[in-house]
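Top line first, the protein sequences correspond to chains A and B.
According to my numbering, the first sequence is numbered sequentially starting from 1.
According to my numbering, the second sequence is numbered sequentially starting from 1001.
Please keep in mind that the hints were generated in silico from the structure rather than gathered at the bench.
Backbone N, C-alpha and C fix where the C-beta goes; we use that ideal spot for every residue, glycine too.
Warning: the hint list may mix true and false statements.
Pairwise CB distance ranges (calculated) [unchecked claim]:
#1 B:K1533 - A:K146: 46 to 56 Å
#2 A:P169 - B:N1185: 29 to 39 Å
#3 A:K149 - B:S1575: 30 to 40 Å
#4 A:I119 - B:Q1441: 21 to 31 Å
#5 B:N1185 - A:K206: 33 to 43 Å
#6 A:I119 - B:T1346: 34 to 44 Å
#7 B:Y1334 - A:K146: 17 to 27 Å
Beyond 10 Å from chain B on every Cβ pair, some chain A residues (computed) [stated by the list, open to error]:
#8 E68
#9 T88
#10 S116
#11 K133
#12 K135
#13 D176
#14 T193
#15 K204
#16 G208
Below are the chains, spelled out letter by letter.
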Amino acid sequence: MSKESDRGEKMKNIYEIQLIGVGGQGTVKASTIVGEAAMKKGLNVVMSEVHGMAQRGGAVVTELKIGEAHSPLIEEGAADLLISFEPTEALRSLNKVGRDSFVIVNSSPIVPFTVSLGISEYPELSSVFEELKAKINNLLVIDAQKIAKEAGNIISENMVLLGAAIATPEFPVDKDLVIQSMKENLPPKSIKTNLKAFESGFVKVKKGGKSIGI
Amino acid sequence: MKVKEILTEKEGGKLFLLGNEAAVRGALEGGVSVVSTYPGTPSSEIGDAFYKIAREAGVYFEFSSNEKVALEVSTAAAAAGLRSFVFMKHVGLNVAADSFMSTVYTGVRGGMIVLSADDPSMYSSQNEQDNRIMARLAGIPLLEPSNPQEVKDLMKFGFELSEQFKIPVLMRTTTRISHMRGVVNLGSIIKGKEKGYFKKNPEQYVVMPTYSVKMRKKLMEKLDKIKEIANDSPLNKIIDKGGKTLGIVTSGSAYNYVMDVVSENNLKVKILKLTFSHPFPEKLVLDFINSVDNILVAEEVEPVMEKEVLAIIGKYNIKKKVYGKLDGTLPRIYEYNPDIISIGMTKIVDEELIKREKFSTKLPLPLRPPVLCPGCPHRATSFALKKAIKKLKLKEEDIIYSSDIGCYALAIQAPYKMADYCISMGSSIGIGCGFAKATNQKVISFIGDSTFFHAGVSPLINAVHNKDNILVVILDNRITGMTGGQTNPGVPVDGMGNPAPEVSIEKIVRGVGAGLVKTIDPVDLKKTEEIFKEALQFEGVAVVITKHPCAIITDAENRKKGISIKYTINQEECSRCLICVKNFTCPAIYIEKDGSVNINPLLCDGCGVCAQVCPKKAIEVKK
């Protein structure tokens, strides 16, 4: 958590995570699980979440600060970790990360109706990843949809990405606390599938290190 | 965390609570008896939580028909000696304003808290009004929490203050506080009194001019006394970072951003956090001004405290610079964040602030505006109406679509483009009346079930009485949808989750005397189109009620029953005419890279309306 990096000369005692996805992907749930796990560890944690009009179909952003922070909003370039549930949404959050931030991206795109109507454009996936690779040193691209499907339910995408996040170095909350928090926040009947998805995401990053994805 | 834990978690425990959930716990710890609201984001989750726990907590809770009624319910409860809590979004306080102003005059017996959830940056609102100004207009004490813990603690404090001075208390949150989650240390829950008793005292409770002139004087006396409390209150605190060149006066969310920027950059400043901010603690602020060289006021939306600070500086003839919104150091509009505070501070401090490399992309990013959900009955209504208009060869540019506050306003998006005017709850019909008189254009007013109960009935009476020529479409989706799905007087359940009489919209409309009244399930596109054709040709007030449950309800019911119907496109039959994509536009239907049209099974809710839209009958149930 405390480190001196080229992102800021002064000591930083706060671990900052941004999660971004599309309404319905379980972004808020994944964030809450991390936040409660941090609380269990005895850490201070603040989080900002989205409710209201954007819940279905719109971009959903949550921000988490673990440590002695007052505001839940992350300064530009200051995020230690970005978890993007959708490729282009990672680009939308680019202003929050720095070269040394960890960026986890789900490789499955969600194309909104505006593209079918011809009023907006979805870029080529390869160019999205190229752009991210050029800017981010620690980029992890994960096919969370495929992994979730293998675990038993495509809905568990968010837990695949959460598992991947826990496996990154410097993540300030222990795995067992996150699992405990998952059990308290997810429906009992889906917990087995979710834990499986979570574990697969975790293993993927632990084994693949920095080079997975592209 | 499960919502129930707001009630069941013991004293000494801690929960990771949303600001809105913390308000619920705070009300319970403060011994609340009566709670009322009309749903409005960013305050909605307070009601959602009470809906789930009120019965078990032994608290009375209702979704009132509008904010004014909600305020009156809580006002009367407080007059009867009970502790009451009414909450709403910032513009809801406009609806409640008439009774709100008078309640501050009459005062209360039991503690009463009015919570206004302001929405800087207008994430889900029509304006950015700062209700700290409402506090000054009404002459009501104001509390401004900065995080969920403070929201919770201030509820209890607010009840006590309210009872001590027999005056309601206003709490102002903002979206970033309402929807901020944080660790909250819990206190013990006190069971409120079940019933109160109203002791007659017309001199206190009847605002006839003879009495209100006395009330006005009494209110000013109360405020003078409360100001003394605010001056000495531990809620208003100084954080000394070891310097006197700059003193920062701040409150609410802005305080959080100031603290983070100051800590990270190790700035030697002095901060005055005002939590009990009206009546403005003049003596405290004067002492603070005298203890520093220059002052920065950091507050969200209007320069309210800044003007108070300037007034003190003028009153005591002090020569010091005040930075803030008025001199452009900080912006006057929109929500703040750490970056905005940092940029503002850079202009006035000598130290170099941390600057980070900032990335951006030049790639085009797909637009993701909020849309009508897959399976939303409003899409069927809009599609059928559009078709009827086309069949009657009415010119689109001559039609005025007067819309309202609700999901159906999302039909403003292409391809429907059915929102030309929309200003406030219930305005669609009143605005329709005006256009009907001022033009010869065809006027169509859209209003939802909940919005109709809220403020739609009286303008409908107006339309009938003044012989207006308008078509009113009441989109009855059996829920208050846009705020996440709360009950309203049109459904057979009340805010406690108990069975309740279902108020019939059709009977109201008939009772008012509308010329043509039709109720139809819009999912039947053909019939709906026929009814719209008739209604569009009707001279006078025509009302069409399109009645079908919100997709959020049907999806949840289907999940419970284990029903999962998905539609698919038979590629052999599909002619790629794209009517389903371009004219109907359900988010589940998309064009594949190879040009074929497909339905995303993850998004499809199985409503089947698209199957009626397809001229080739290529859309069928997936086997």
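Structure-based check of each hint:
no.: 1; hint: B:K1533 - A:K146: 46 to 56 Å; verdict: holds, 49 Å
no.: 2; hint: A:P169 - B:N1185: 29 to 39 Å; verdict: holds, 32 Å
no.: 3; hint: A:K149 - B:S1575: 30 to 40 Å; verdict: holds, 32 Å
no.: 4; hint: A:I119 - B:Q1441: 21 to 31 Å; verdict: holds, 27 Å
no.: 5; hint: B:N1185 - A:K206: 33 to 43 Å; verdict: holds, 36 Å
no.: 6; hint: A:I119 - B:T1346: 34 to 44 Å; verdict: holds, 38 Å
no.: 7; hint: B:Y1334 - A:K146: 17 to 27 Å; verdict: violated, 40 Å
no.: 8; hint: E68; verdict: violated, 8 Å
no.: 9; hint: T88; verdict: violated, 5 Å
no.: 10; hint: S116; verdict: violated, 5 Å
no.: 11; hint: K133; verdict: holds, 13 Å
no.: 12; hint: K135; verdict: violated, 5 Å
no.: 13; hint: D176; verdict: holds, 18 Å
no.: 14; hint: T193; verdict: holds, 16 Å
no.: 15; hint: K204; verdict: holds, 22 Å
no.: 16; hint: G208; verdict: holds, 24 Å
Going through the hint list in order, the structure does not satisfy hints 7, 8, 9, 10, 12.
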